[in-house]
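Engineer: If you want the building blocks of each chain, they are given just below.
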Amino acid sequence: MDELVVEFLTETNESIQELDLDIVHLEQNPNDKNLLSKIFRLMHTIKGTCGFLGLPRLEKVAHRAENVLGRFRDGDLEVTPAYVTLILESIDRIKLIVSGLEQNGAEPEGDDTALIEKLDSVYEGRDTGASTAATAPASTPEDEIFVPVPAFATGPAPEEKAEAKPEMKAEIKTEHKEDAQKESALAAQTLRVNVDVIENLMTMVSELVLTRNQLLQISRTQTQTDFSAPLQRLNQVVSELQEGVMKTRMQPIGNAWAKLPRIIRDLAHELGKKIDLVMEGQETELDRQVLELIKDPLTHMVRNSADHGIEDPKSRATAGKNETGKILLQAFHEGGHIIIRIADDGKGLPLDKIRRKILKNGLATEEELAQMTPQQIQQFIFRAGFSTAEQVTSVSGRGVGMDVVRTNIERIGGSIELKSVEGKGSTFTIKIPLTLAIVSALIVESAGERFAIPQLAVRELVMVSSKSESKIETIRGAPVLRLRDRLLPLVSLSDLLKLKTTAQSAQASSRYIVVTQVGAYAFGIIVDRVFDTEEIVVKPVAKILRNLDLFSGNTILGDGSVIMILDPNGIARATGEIGSSDSMSQTTADDQDFGPKREKVALLLFSAGGSAPKAVPLSLVARLESIQMEHVENSSGQHVIQYRGHLMPLVSYGNSDLPSQGEKPVLVFSDKTHTVGIVVDEIIDIAEEYLEVELASDQKGLLGSAILHGKATDVIDVAYFLSSVNKNWFRDHGNDAYSKGAKSGARRILLVDDSPFFRNMLTPLLTVAGYQVTSLESAGEALKMCDRGEKFDVIISDIEMPDMDGFEFAQKVKAGSNWQNTPMVALTSHATAEDVNRGFAVGFKKYVAKFDRDTLLSTLSETITEQKMAAE
Amino acid sequence: MNALAQKNIMSPENNDAEASSTTTDLLTVMIGGQRFGIPILQVQDVLGEQTVTKIPLAPPEVAGSLNLRGRIVTAIDVRTRLALPAYEDSSHKRMGVVVEHDQELYSLVIDKVGDVMSLSADDFESNPPTLDPLWREVSAGIYRLQGELLVVLDIPRLLNLSHTS
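Chains as they are written, first to last, in the numbering used here: chain A, 1 to 872; chain B, 873 to 1037.
Simulated from the structure, these hints should not be mistaken for lab results. Cβ coordinates follow ideal geometry from the N, Cα and C atoms, glycine included. Please note: incorrect hints may appear among the correct ones.
[What the hints assert, rightly or not] Cut-off 25 Å, straight-line C-alpha distance, at most; resulting in silico cross-link-like pairs (DSS-like, lysine-lysine): (1) A:Lys539 - B:Lys926; (2) A:Lys467 - A:Lys424; (3) A:Lys543 - B:Lys926; (4) B:Lys965 - A:Lys500; (5) B:Lys926 - A:Lys500; (6) A:Lys543 - A:Lys431.
[Claimed, not checked] From the derived model, a few chain A residues whose C-beta atoms are all more than 12 Å from chain B: (7) Thr80; (8) Glu124; (9) Leu210; (10) Pro230; (11) Ser446; (12) Glu449; (13) Ser510; (14) Val530; (15) Leu550; (16) Gly553; (17) Ala712; (18) Glu777; (19) Tyr847; (20) Gln867.
[Said to hold, decoys possible] Example chain B residues on the side facing chain A (calculated, C-beta under 7 Å, incomplete): (21) Met902; (22) Thr925; (23) Ala930; (24) Ser937; (25) Leu940; (26) Ile944; (27) Leu956; (28) Ala958; (29) Gln975; (30) Glu976; (31) Ser998.
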């Protein structure tokens, strides 16, 4: 069965159980507004999910029931026992269909028109409570006849079913009982524990860890005692216990996202929009309970973005946007928080519409509105019963939306932030605190004070002293460190925290650099001393200190002292680097559709060959050297210099002749095997700016111009210079010189998929896994590439594609093309046994589900290995 | 002026609870030669000299944080909060009164802890309008004692540092 369906079943079974209870409560207090809203939302969720999974029968029933519930909720209709019976009847029908689905993997056939008619008549007000009361208890025999009986689980012909009708009536009763006993085989696999229990357990474990740390600290100061051995054992057990408890709570957030691509895909089809969903940080681990609670809100919000946010292709084109709208879903840790961001580049929140709606619903007066900022007005979307969609679609727009989202998030102590610019898009940022998490931290000292840095952000430690090889250098006062072919920007912790430098620390001959990585941004923190690492429990700082961005919390160390925990993100921000947007640039690099990138880039400014200053991204520069021109030699028509035991080719910027005398700065670019130096006139500065290249230049060697420090600056195309010196430079890299991850001789993969979303999702995934990926949107293009004689190690192809589908493509490839020996892997979102067989028949080697990234990766490596063995 | 007048009206009402009972128990503390009272029910603990961890970039009133039996307590230097000069005699051991506010613990660093006093509502006065505005902010009222006056500290207001920074 489809994983999505399984998940849906588990979820629905739970919801139905809840519903049953709630409706009974409702009968007792028919006018409980909260209860009505809750039932309505549950029904809404069932309906919504069914719509996406293609369960029309279920959707119809849920939709009609929701309509009726909607009237109850709005107070249009008095809740009478007769209506409650009717709703219960609908729920029973849903249960019936769900259990059929669970056993057969498909909706059982059946006729719901009678029920739907009843619901509709109530909804449209044609019915009075009395007549419903009369008909409701007498449910028609057809209702029950399709209760699946195990004997029929294999799917008998409909006629047989019809014949079996009379005998089955008796069995049905017992079947119901069994159902109740079983509840659901799926739900039984998981054990639901009250979050308080786990939370308590976690608190105890945290305290245990702290106490153990204190014991260990004491034992360190003592020579061998009788306690040593049991203490060792205790240490081990506590560690395991801690791990175990953590594990019970953590789950990657990707689990909650798994069905989103499908939902968006279907939604896009339904609404005639083009939407790309980009997901980042699926592996971010999240408390399981938290995950459960945010799952629905997230789905809701992404759905909202697609439904209300992204415009149809035509309006987008008119607005000068790319026809394909983009929804970005990001999750990452930030200090003691998990941040989930949902951003779209759609039309943003329409202020006028919100204003009108506020007035209409009497949420505020005209005068009050006039005083409000746009942000305050936007906040109204979080109020109950607020929806700006003009039409109620089957997708969203019933006013269940954002108030539920906010309630759910606030229930777990989180917060939600909204930023929206009309015409540009909206960004929702959900911040969920991790108030209690045990992390490993590095203890450092600066100006006599100790601080903890979460180990997670620490890449390495470097000791620097005036005598050692690595030392701190400055460019215009900005400290940097040469670290293995890279320049690392540095920040001094004592400066940052405005600590008074003690005489002792000022005189210290050696210091340490804590190389820290936040997103894609690496920097070094200068500290005086480094102690050991310690397991710490992050405790939130007191409220009056919350505004200190540089700390993510505080904790008690093994020796009993309190220590502040530094927040690497805060430090990155304080140094002017925006941490979170950096990670975004990595995936968007593969697709230029998303408009100009808005992240700050560290740039090295220099002057050479002309008046305009030149710039090059600092991260590309391995080293800065200055060389005596007298030492430059000539070898096979190229300028070279002896450098670190090798010959390094030199090229002058602008290809002017190299001066024969004097000292010149050289930018050294290097990878594993090659090194090239570009000789420039002067190094000017290092700037951190948003890099927006404005003019694509025709001039070779220039990417274009950008405004840096208020001056037009040429951004040079390093690739041009490197390949001008060494033709082989890019051979090992494909065309991916800027990607550090590219391994030489990487396996080449051709990815054919018509959905830009999957291309965008899989390309980075495969690239990170070390493959060189070429992605194409149609089989036709792929065949053209085949004719041109391109070679690939594996071809991954979608099955459902317009024009030429995957089967036809495979047939053509295998029918004597250049690629007939290249293994092909089929990628599909639904695979029936029939499809799989057909796939194998036309030449696919493997079948992989679209969302199963682990299987995809393992299948790829398997396939490549097999291919290699076969070749040898 | 308006706010001031309002405060004068408000203050006796604020202390209705105290006025209705015949006596109020206060822990008395000395800060800069002035006697202060802290409602005894709000006091969690009295600490001797403690090592505190300094918190860089924190407001000046925050003396640091310390470990009280596994809980982290934020120490507030009441002298700084009341705009009194720092204690001249640095060798003198100062003490801390731990109070809970908003589910968090704070240690009020003061010069010396005195006795617990049961004070009659008859001796209670609202803040005189001439009182220094900063002090008026953190004072819940004044008790007339024999030979001296006692200022009752309003803990939530004392811990509200938002306006000072």
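Engineer: All hints, please: hold or fail.
Structural biologist: Status of the hints after comparison with the structure:
1. Between Lys539 (chain A) and Lys926 (chain B) the alpha-carbon distance is near 16 Å, which keeps this suggested pair within the 25 Å criterion.
2. Restraint check for Lys467 (chain A) and Lys424 (chain A): the C-alpha separation of about 54 Å exceeds 25 Å, so the hint is violated.
3. For a cut-off of 25 Å, the pair hint linking Lys543 (chain A) to Lys926 (chain B) stands: about 16 Å separates their Cα positions.
4. At most 25 Å may separate the alpha-carbon atoms for a hinted pair to count; Lys965 (chain B) and Lys500 (chain A) meet this at roughly 24 Å.
5. Taking the CA atoms of Lys926 (chain B) and Lys500 (chain A), the gap is near 12 Å; set against the 25 Å cutoff, the hint holds.
6. A threshold of 25 Å between alpha carbons decides the hint, and for Lys543 (chain A) with Lys431 (chain A) the separation of about 17 Å falls inside it, so the pair holds.
7. Every CB of chain B lies more than 12 Å from the CB of Thr80 (chain A), the least distance being 46 Å, so the non-interface label holds.
8. Even its closest Cβ contact with chain B, about 52 Å, leaves Glu124 (chain A) beyond 12 Å, as expected for a residue assigned away from the interface.
9. Taking the minimum C-beta to C-beta distance to chain B, about 7 Å, the non-interface status of Leu210 (chain A) is violated against the 12 Å cut.
10. With a closest Cβ-Cβ approach of about 22 Å to chain B, Pro230 (chain A) is found to remain outside the 12 Å limit, as its non-interface label requires.
11. Annotated as non-interface, Ser446 (chain A) brings its C-beta within 12 Å of a C-beta of chain B; the closest such distance is 9 Å.
12. Not every CB of chain B lies more than 12 Å from the CB of Glu449 (chain A), the least distance being 6 Å, so the non-interface label is violated.
13. Separation of Ser510 (chain A) from chain B is adequate, the least Cβ-Cβ distance of about 23 Å exceeding the 12 Å criterion.
14. With a minimum CB-CB distance of about 18 Å to chain B, Val530 (chain A) clears the 12 Å threshold, and the non-interface call stands.
15. Here Leu550 (chain A) does not stay apart from chain B, with its beta-carbon only about 7 Å from theirs, under the 12 Å limit.
16. Separation of Gly553 (chain A) from chain B is inadequate, the least Cβ-Cβ distance of about 9 Å not exceeding the 12 Å criterion.
17. At the 12 Å boundary, the C-beta of Ala712 (chain A) stays outside the reach of chain B, the nearest C-beta of that chain being 39 Å off.
18. Residue-level check passed: Glu777 (chain A) sits 52 Å from the nearest beta carbon of chain B, beyond 12 Å.
19. Every beta carbon of chain B lies more than 12 Å from that of Tyr847 (chain A), the smallest distance being close to 55 Å; the non-interface claim holds.
20. Every CB of chain B lies more than 12 Å from the CB of Gln867 (chain A), the least distance being 59 Å, so the non-interface label holds.
21. With a least beta-carbon distance of about 24 Å to chain A, the hint placing Met902 (chain B) at the interface is violated under the 7 Å criterion.
22. Interface hint at Thr925 (chain B): satisfied, since its Cβ lies 4 Å from the closest Cβ of chain A, which is below the 7 Å cut-off.
23. Checking Ala930 (chain B) against chain A: minimum C-beta separation of about 6 Å stays under 7 Å; hint holds.
24. The beta carbon of Ser937 (chain B) comes within 5 Å of a beta carbon in chain A, closer than 7 Å, and the hint placing it at the interface holds.
25. Against a cut-off of 7 Å between C-beta atoms, the interface hint on Leu940 (chain B) is violated, since the closest Cβ of chain A lies about 10 Å away.
26. Because the closest C-beta pair between Ile944 (chain B) and chain A is about 6 Å apart, less than 7 Å, the hint holds.
27. With a least beta-carbon distance of about 20 Å to chain A, the hint placing Leu956 (chain B) at the interface is violated under the 7 Å criterion.
28. Interface restraint check for Ala958 (chain B): the shortest CB-CB distance to chain A comes to about 16 Å, outside 7 Å, so the restraint is violated.
29. Proximity of Gln975 (chain B) to chain A is violated relative to the hint, the smallest CB-CB distance being about 9 Å (cut-off 7 Å).
30. A distance limit of 7 Å between C-beta atoms decides the matter here; for Glu976 (chain B) the minimum to chain A is near 5 Å, and the interface restraint holds.
31. The interface hint given for Ser998 (chain B) is broken, as the beta carbon of that residue sits about 27 Å from the closest beta carbon of chain A, more than 7 Å.
Going through the hint list in order, the structure does not satisfy hints 2, 9, 11, 12, 15, 16, 21, 25, 27, 28, 29, 31.
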